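J.: Starting from the structure of chain A, add chain B with the ligands where the hints point.
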Amino acid sequence: MVLSSILEKYQRQPENLIHILLEYQQSKDQNYISEAEVIHISRELNIPESQIYTIMTFYSLFSLTPRGKYIIQVCNDVPCHVQGAADIVEMLEDSLKITMGETTPDGLFTLEYTSCIGCCDKAPAIRIGTEVFGHLTETEISRIITRFRREYDAARE
Amino acid sequence: MLPENKMFEHRIVTAKCNAVDARSIESYKALGGYQALRRALQSQPADVVNQIKRSGLKGRGGAGFSTGLKLESVNRLDACPKYLVCNADEGEPGNFKDRYLMEHDPHQLLEGMIIGAYAAGATRGYIYIRGEYDQARDLMELAVKEAKAGHLLGNQISGTDFSFEVDILSGAGAYICGEEFALIESIEGKAGRPRNKPPYPTLSGVNNKPTVISNVETISNIPYIVLNGPDAFTAVGTPSSTGTRLVSLSGNVKKPGVYEVPFGTRIRDIVFSLGGGVPDERAIRMVQIGGASGPCIPPNLLDLKMDYAEFACQGLSMGSGAVIVIDERFDILDIVRLNMRFFKHESCGKCTPCREGIRQILRLLFKFKNGSALESDLELLQTLCHVMIRTSFCGLGQAAPTAVLSTIRYFRDEYIKGINNLNLTA
Ligand SMILES: Cc1cc2nc3c(=O)[nH]c(=O)nc-3n(C[C@H](O)[C@H](O)[C@H](O)COP(=O)(O)O)c2cc1C
Ligand code: SF4
Ligand code: FES
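Protein sequences appear in the order of chains A and B.
The numbering of the first sequence is our numbering, which starts it at 1 and goes up by one.
The numbering of the second sequence is our numbering, which starts it at 1001 and goes up by one.
Since the hints were made in silico from the structure, they are not lab data.
Just so we're clear, the structure is a prediction, and the values are computed from it rather than from any experiment.
Do not take every clue at face value.
What the hints assert, rightly or not - Interface residues of chain A toward chain B, partial, derived using beta-carbon atoms under 10 Å: (1) Pro66; (2) Cys75; (3) Val82; (4) Ser115; (5) Asp121; (6) Arg127.
Claimed, not checked - Here chain B is said to cover these stretches of chain A; the calculated rule only asks that three of the stretch's residues, wherever they fall, bring their Cβ under 8 Å from a Cβ of chain B: (7) 15–25; (8) 53–59.
To be verified - Calculated lysine-lysine pairs in the DSBU-like style (CA-CA distance at most 30 Å, straight line): (9) B:Lys1344 x B:Lys1369; (10) B:Lys1006 x B:Lys1016; (11) B:Lys1029 x B:Lys1148; (12) B:Lys1367 x A:Lys9; (13) A:Lys122 x A:Lys97; (14) B:Lys1016 x B:Lys1197; (15) A:Lys122 x B:Lys1209; (16) B:Lys1148 x B:Lys1209; (17) A:Lys69 x B:Lys1344; (18) B:Lys1344 x A:Lys9; (19) B:Lys1350 x B:Lys1197; (20) B:Lys1367 x B:Lys1350; (21) A:Lys28 x A:Lys69; (22) A:Lys9 x B:Lys1148; (23) B:Lys1148 x B:Lys1053; (24) B:Lys1053 x B:Lys1016; (25) B:Lys1016 x A:Lys122; (26) A:Lys122 x B:Lys1006; (27) A:Lys9 x A:Lys28; (28) B:Lys1367 x B:Lys1417; (29) B:Lys1145 x A:Lys28; (30) B:Lys1148 x B:Lys1190; (31) B:Lys1367 x A:Lys28; (32) B:Lys1190 x A:Lys9; (33) A:Lys122 x B:Lys1255; (34) B:Lys1254 x A:Lys122; (35) A:Lys69 x B:Lys1006; (36) B:Lys1305 x B:Lys1016; (37) B:Lys1209 x B:Lys1350; (38) B:Lys1369 x B:Lys1417; (39) B:Lys1053 x B:Lys1305; (40) B:Lys1305 x B:Lys1255.
Cβ coordinates follow ideal geometry from the N, Cα and C atoms, glycine included.
So that you can see chain A by itself, here it is in the shape it has in the complex (with noise of 0.2 Å):
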């Protein structure tokens, strides 16, 4: 349903190709687009499936594999490494359980590393979905994550 109405905003156009996949990917809980889905959307879009398989492994914001409904993204460029972006991320592993590149067990949060997200002013930095945070610290950290799973909690209810 959901891919459908992505499909015709974009007019089933192959050159939003990525477009299409990143809106649909998004509108997922599990924050990727699985092998049936890559089928699906290569005969809509009358294109072979190694073209979507060559987009989804070229950038780096796709997933093949299911992961959290929030990626935590944490930084480790230069800037935000001499600001201390480590120990950004021991604190995440902490608070969460998890280590990096992996899933919280009930499904919410995933920890990746990413490259510069353009808020080294405000380093260490860290993107959650759409949103950005900077000048982290510990209680600051709790705050975001605890904020997260009270939105979720929010939503299904």
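T.: Relative to the frame of chain A, chain B with the ligands by itself:
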């Protein structure tokens, strides 16, 4: 932006950033917005091109090529349609000035694009914004909508026979898409891998049509030039570098942020007078200029001025204006390895010198780091860097070894320390 420091700042492109409401075209107009466009539409495209040429405006995205010349070469070509693309893929670690401009003054960028398109004769435009810049994308989308409603964009702009459409496109997490041909491939819906040059995009860009590609900051300067004339612009800066430079200041400084300084400003003044120096009065280990692909310079070179000619004279590149301060707690080789890890992740893998070169450099750096390097490894490391510079297919691979070579040049002892047999005798 922080309160203005009159000694060192000079605001052209950020002049309205504190005052304008980014969500309101009316607010932009109230501050003189879209007057430059009105003036441009009253003159011939070639005159607008000439004004921009005479201003000496150079690309702020890294390469520093004359914007006027780019517009002129597309203006002269007969083709339909012609394109103008705004490169807002800003992805190099340490850079955030383009995000700042889009979030604070989106209409200035849009006005610059419309004027640029008029000058070049382009009728189709794209703003390619990196996937991670959600807020900037929302604001630019709103700006486009407002400008369309006000007949400043779309068919027969302001009642003239000039038409120009702008679409906003999103990147999807690939630094290489900032490279102009990779960006064009991405616009066409493909994986962003660079193409052979020449032909340059001005001759054969989007859909193989003449295309002007310019950086956000570059384009945002255009309204000022058209409204105030090229002489007002060349009065700021230095002979080789006219106007101002946005600096993204980050790392170990008290006041990181975006600052607009005239070209010719010393790095020292940016770090200390604007940035407030290093927290806890720690010493500076080094400053990286331009971002991950820029040189690392030692504290005794901080009097270097932001100026194309002066940088070229030192054999350095200025890149896109990032200034990253790294204090004494950090190890040079660790920082260099982080830089190379970034490039390892972002290399598109199309050509061997870059794909394999980066891995081999990382392997060697690791040996220097753990003290197991051979004397010959220093020579090997430099050879590898030079092979990458000369033979990589695009700017990513050509610039990736910059941090390595500059640290070998300025901090050679750090590498010597990592050579195995020297440690044994010590
Ligand atoms: C790997 C790579 C990444 C680049 N990333 C950007 C970028 O994010 N933004 C940008 O404006 N230019 C970037 N450039 C430079 C562009 O290729 C191009 O020179 C520039 O957009 C032209 O605009 P300008 O003349 O206004 O500088 C990049 C170049 C390379 C080689
Ligand atoms: S230099 Fe690197 S990024 Fe550029 S084409 Fe070669 S592999 Fe790709
Ligand atoms: S280095 Fe982390 S946001 Fe730029």
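J.: Against each hint, give a clear statement of whether it holds in the structure.
T.: Verification of the supplied hints:
no., hint, result
1, Pro66, "violated, 18 Å"
2, Cys75, "holds, 8 Å"
3, Val82, "holds, 5 Å"
4, Ser115, "holds, 6 Å"
5, Asp121, "holds, 4 Å"
6, Arg127, "holds, 6 Å"
7, 15–25, "holds (count 7)"
8, 53–59, "holds (count 4)"
9, B:Lys1344 x B:Lys1369, "holds, 18 Å"
10, B:Lys1006 x B:Lys1016, "holds, 16 Å"
11, B:Lys1029 x B:Lys1148, "holds, 14 Å"
12, B:Lys1367 x A:Lys9, "violated, 53 Å"
13, A:Lys122 x A:Lys97, "holds, 25 Å"
14, B:Lys1016 x B:Lys1197, "violated, 38 Å"
15, A:Lys122 x B:Lys1209, "violated, 40 Å"
16, B:Lys1148 x B:Lys1209, "holds, 25 Å"
17, A:Lys69 x B:Lys1344, "holds, 28 Å"
18, B:Lys1344 x A:Lys9, "violated, 36 Å"
19, B:Lys1350 x B:Lys1197, "holds, 15 Å"
20, B:Lys1367 x B:Lys1350, "holds, 27 Å"
21, A:Lys28 x A:Lys69, "holds, 8 Å"
22, A:Lys9 x B:Lys1148, "holds, 20 Å"
23, B:Lys1148 x B:Lys1053, "holds, 28 Å"
24, B:Lys1053 x B:Lys1016, "holds, 24 Å"
25, B:Lys1016 x A:Lys122, "holds, 22 Å"
26, A:Lys122 x B:Lys1006, "holds, 24 Å"
27, A:Lys9 x A:Lys28, "holds, 17 Å"
28, B:Lys1367 x B:Lys1417, "holds, 11 Å"
29, B:Lys1145 x A:Lys28, "holds, 28 Å"
30, B:Lys1148 x B:Lys1190, "holds, 29 Å"
31, B:Lys1367 x A:Lys28, "violated, 44 Å"
32, B:Lys1190 x A:Lys9, "holds, 19 Å"
33, A:Lys122 x B:Lys1255, "holds, 10 Å"
34, B:Lys1254 x A:Lys122, "holds, 11 Å"
35, A:Lys69 x B:Lys1006, "violated, 47 Å"
36, B:Lys1305 x B:Lys1016, "holds, 26 Å"
37, B:Lys1209 x B:Lys1350, "holds, 24 Å"
38, B:Lys1369 x B:Lys1417, "holds, 9 Å"
39, B:Lys1053 x B:Lys1305, "holds, 24 Å"
40, B:Lys1305 x B:Lys1255, "holds, 20 Å"
In the structure shown, a violation is registered for the earlier hints numbered 1, 12, 14, 15, 18, 31, 35, in ascending order.
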